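Given next are the chains, with one letter for each unit.
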Amino acid sequence: MSKTRVATTWLDGCSGCHMSFLDIDERIVELASMIELVYSPIVDTKEFPENVDVTLVEGAISSDADIEEIINIRKNTKVLISFGDCAVSANVPAMRNRFERREVIDRAYIENANNNNHAPYQNIPGLMKSARPVHEFVQVDLFLQGCPPPSEAIYGVLSQLLAGEYPDLKGKTRFGA
Amino acid sequence: MSETITIKPVTRVEGHGKITITIDNNGNVEDAKFHVTQFRGFEKLCEGRPFYEMPSLVERICGICPISHSIASAKACDAILGVRIPHVAVKLRRLLNCGEFIQSHALSFFHLSAPDLLMGFDSDPARRNIFGLIESHPSIAMDGVKLRKIGQEIILSFAGKRIHPAWVVPGGVNQPLSEQSRQKIVDMIPEAYEIVERTLSWFKSSIEKHREEIRTFSNFPTMFMGLVDEHGNLEHLEGKLRFIDSKGAILNDNIEPFRYHDFIGESVESWSYLKSPYYLPLGYPDGIYRAGPAARLNVCNGCGTPKADQEWAEFISLERGPVMSSFYNHYARLIEILYSIELLENLLNDSDILDKHVRAFAQPNHFEGVGVVEAPRGTLIHHYKVDREGLITWANMIVATGNNNLAMNRGVLQVARRFINGTQITESARNRIEGVIRAFDPCLSCSTHAINGKSGLSIELVTMDGNTLDEV
Ligand code: SF4
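Quick mapping for you: the protein sequence lines, in order, are chains H and E.
The numbering used here numbers the first residue of the first sequence as 1 and each following residue consecutively.
The numbering used here numbers the first residue of the second sequence as 1 and each following residue consecutively.
It is worth saying that the hints were derived from the structure and are not from the lab.
Computed from a predicted structure; not experimentally measured.
Among these hints, one or two may not hold up.
Claimed, not checked - Calculated lysine-lysine pairs in the BS3-like style (CA-CA distance at most 25 Å, straight line):
| id | chain 1 | residue 1 | chain 2 | residue 2 |
| --- | --- | --- | --- | --- |
| 1 | E | Lys33 | E | Lys161 |
| 2 | H | Lys170 | E | Lys184 |
| 3 | E | Lys33 | H | Lys46 |
| 4 | E | Lys356 | E | Lys184 |
| 5 | H | Lys129 | H | Lys78 |
| 6 | H | Lys129 | H | Lys172 |
| 7 | H | Lys172 | E | Lys33 |
| 8 | H | Lys75 | H | Lys3 |
Said to hold, decoys possible - Which residues of chain H face chain E? A few of them, derived with a C-beta cut under 8 Å, are:
| id | residue |
| --- | --- |
| 9 | Gly16 |
| 10 | Val29 |
| 11 | Ala108 |
| 12 | Tyr155 |
| 13 | Ser159 |
Stated by the list, open to error - Going by beta-carbon spacing under 8 Å, a handful of chain H positions derived as facing chain E:
| id | residue |
| --- | --- |
| 14 | Ile124 |
| 15 | Phe137 |
| 16 | Val138 |
Even glycine gets a Cβ: it sits at the ideal position worked out from N, Cα and C.
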């Protein structure tokens with residue numbers, strides 16, 4: 001049987017959702033026999049591949065590069081999962097939304113700098129006015145909340161998908177926890 | 001016409017970045033840049049929040065070292081309260097921090113870098129990852145998975161949650177340690193020792209294989225910075241800052257954390273969201289210094305625990321002065337894991353460790369506070385100002401990875417000069433260029449605490465007039 005093609009990515013997140021994934025500990029060996037991780041921060045693929053079965057997206061959408069990436073992911077993914085509160089609701093990244101983008105940038109690069117004070121602009125993605133949840137840009141098939149989602153819930157979703165079932169998340173995870 | 005190579009995204013690192021390399025008319029590497037492409041805005045977004053929320057909020061800067069952020073933050077808040085926290089709370093924070101060093105260093109060493117070290121920098125990129133390692137070196141891969149788990153379980157035992165717990169608070173911690181949790185952690189210690197000792201021994205015997213990487217992975221003179229305790233020993237939470245020069249002579253010692261601004265400046269480059277801290281007295285960019293595992297072992301007089309001290313003595317004798325190659329960060333990480341296990345074992349046997357008085361209460365008594373700790377990746381500084389109600393009015397954070405920004409950029413140039421020939425970038429050159437970045441184990445979600453970009457690190461070969469030649 002061919003392995004299920006799984007991808008993961010982080011956008012405007014803290015990597016905590018990915019760490020919670022690794023918190024499945026030794027079960028990673030069992031998982032390795034069933035899935036192929038075709039794209040992820042922890043493997044060396046540079047281009048998002050075609051025909052991905054499941055993609056876990058951590059983080060909010062905050063920059064033009066994030067939009068480009070999420071659209072490309074959607075095109076090439078069968079089941080797209082909003083992975084964690086930042087992807088689901090924009091969570092912590094959205095706390096910057098009550099300020100003007102200018103103010104947020106000025107704090108870091110004008111006020112809190114001693115040399116060359118200016119906003120970076122070259123060869124880096126442009127920042128959006130506000131951080132937004134993933135489903136504002138593309139259709140999301142499954143919402144896996146939590147900050148981060150518990151590793152049990154992540155493992156549960158993947159194994160149910162691998163078994164061809166629709167994941168039942170009732171009681172397994174909640175916002176914030 | 002000169003040209004640019006882009007490597008994008010940089011993989012097996014924690015966060016978002018890319019690398020561009022400029023090639024001149026004669027096919028020589030002219031310049032190389034490491035662009036951090038994510039910006040998050042924490043220094044602004046926390047404005048208006050009550051100061052006591054900060055330790056939990058800033059944990060969300062980073063899912064790998066949330067404990068470091070929560071402790072640096074709590075220390076800044078302790079200073080705002082103006083209290084001396086209970087003795088046992090200091091120890092409990094220290095114990096929790098040991099769990100984090102074990103899991104974070106294990107992740108960097110085993111999950112991210114061991115594929116290069118064991119399968120080779122030139123091995124098949126499709127297999128060169130933790131899954132490939134599970135097949136090719138199953139027992140070593142399991143050592144990594146288990147050691148990381150032990151670190152995470154330690155955090156869970158103290159704080160009730162592996163990632164983003166809410167246990168460290170202004171004034172101390174919010175729950176004493178139970179005898180049951182103490183025993184649970186004590187029981188994990190023997191296996192942790194076995195794994196790290198086994199790993200040290202294979203790593204040391206394989207060092208010879210990496211001569212070229214040692215020679216080129218940011219191997220140049222710089223200053224180093226780190227916290228040390230009152231005896232000058234390795235210290236992760238409570239010490240004072242020390243700077244040494246490239247010969248090993250102490251430049252500044254005993255710097256109280258709240259004076260960081262007299263010694264560290266931050267510079268901005270137009271092509272990166274990550275600022276470059278520098279040693280203020282020497283100006284920019286001459287004030288280049290490094291922080292992190294190898295830097296800490298370079299600045300201290302020893303570790304202060306017997307097993308780690310033995311390893312430290314071997315480490316420090318690698319070179320006549322400070323150990324210059326950033327490749328040795330991998331080695332230093334293992335020594336720091338060993339140190340953390342020893343510290344854990346000592347503190348868990350302290351007679352007062354189950355003491356119930358773990359938190360001091362007060363209203364905000366000061367309008368400003370600074371907290372400095374050594375995070376796994378280097379010195380981490382949180383600095384807050386509050387109003388009369390204790391609401392945050394301003395914040396500055398210098399994160400561990402930022403300290404190494406100048407050195408990472410120079411390191412990328414050094415490796416590119418050694419391994420790139422002409423305008424084509426080979427797979428093995430690319431992986432070594434990413435390898436130098438991995439040696440620093442940068443955390444780019446941290447470093448750009450400040451908004452966000454593209455997933456992973458990317459490397460680009462670009463012409464002088466800005467055409468992209470080759471992209472990986
Ligand atoms: S949901 Fe929480 S753990 Fe996940 S990326 Fe966001 S802040 Fe980090």
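Please verify whether Lys129 (chain H) and Lys78 (chain H) have alpha carbons no more than 25 Å apart. Outside the cut-off at roughly 30 Å; violated.
Proposed proximity, Lys172 (chain H) with Lys129 (chain H) (alpha carbon, max 25 Å): Judged against 25 Å, a Cα distance of about 34 Å means the pair is violated.
Holds or violated: are the alpha carbons of Lys75 (chain H) and Lys3 (chain H) at most 25 Å from each other? With a Cα-Cα distance of about 20 Å, the restraint between Lys75 (chain H) and Lys3 (chain H) holds, given a limit of 25 Å.
Is the interface hint for Gly16 (chain H) satisfied, with its Cβ closer than 8 Å to some Cβ of chain E? holds, 2 Å
Close enough to count: is the Cβ of Ser159 (chain H) nearer than 8 Å to one in chain E? Violated. Min distance 17 Å.
Less than 8 Å between beta-carbons is the criterion; does Tyr155 (chain H) satisfy it with respect to chain E? At about 14 Å, which exceeds the 8 Å cut-off, the nearest Cβ of chain E leaves the hint on Tyr155 (chain H) violated.
Less than 8 Å between beta-carbons is the criterion; does Val29 (chain H) satisfy it with respect to chain E? At about 6 Å, which falls below the 8 Å cut-off, the nearest Cβ of chain E leaves the hint on Val29 (chain H) intact, so it holds.
Restraint: Ala108 (chain H) near chain E, CB-CB cut 8 Å. Satisfied or not? Interface hint status for Ala108 (chain H): holds (4 Å vs cutoff 8 Å).
Taken at face value, is the distance from the CA of Lys46 (chain H) to the CA of Lys33 (chain E) at most 25 Å? holds, 18 Å
Min Cβ distance, Ile124 (chain H) to chain E: is it shorter than 8 Å? holds, 5 Å
Compare the distance between the alpha carbons of Lys33 (chain E) and Lys161 (chain E) with 25 Å, and conclude whether the hinted pair is satisfied. This hinted pair is violated, its Cα atoms lying about 38 Å apart.
Can Phe137 (chain H) be said to touch chain E, with a Cβ gap under 8 Å? Violated, about 14 Å.
Hint compliance for this structure: hints 1, 2, 5, 6, 7, 12, 13, 15 and 16 are broken, all remaining hints hold.
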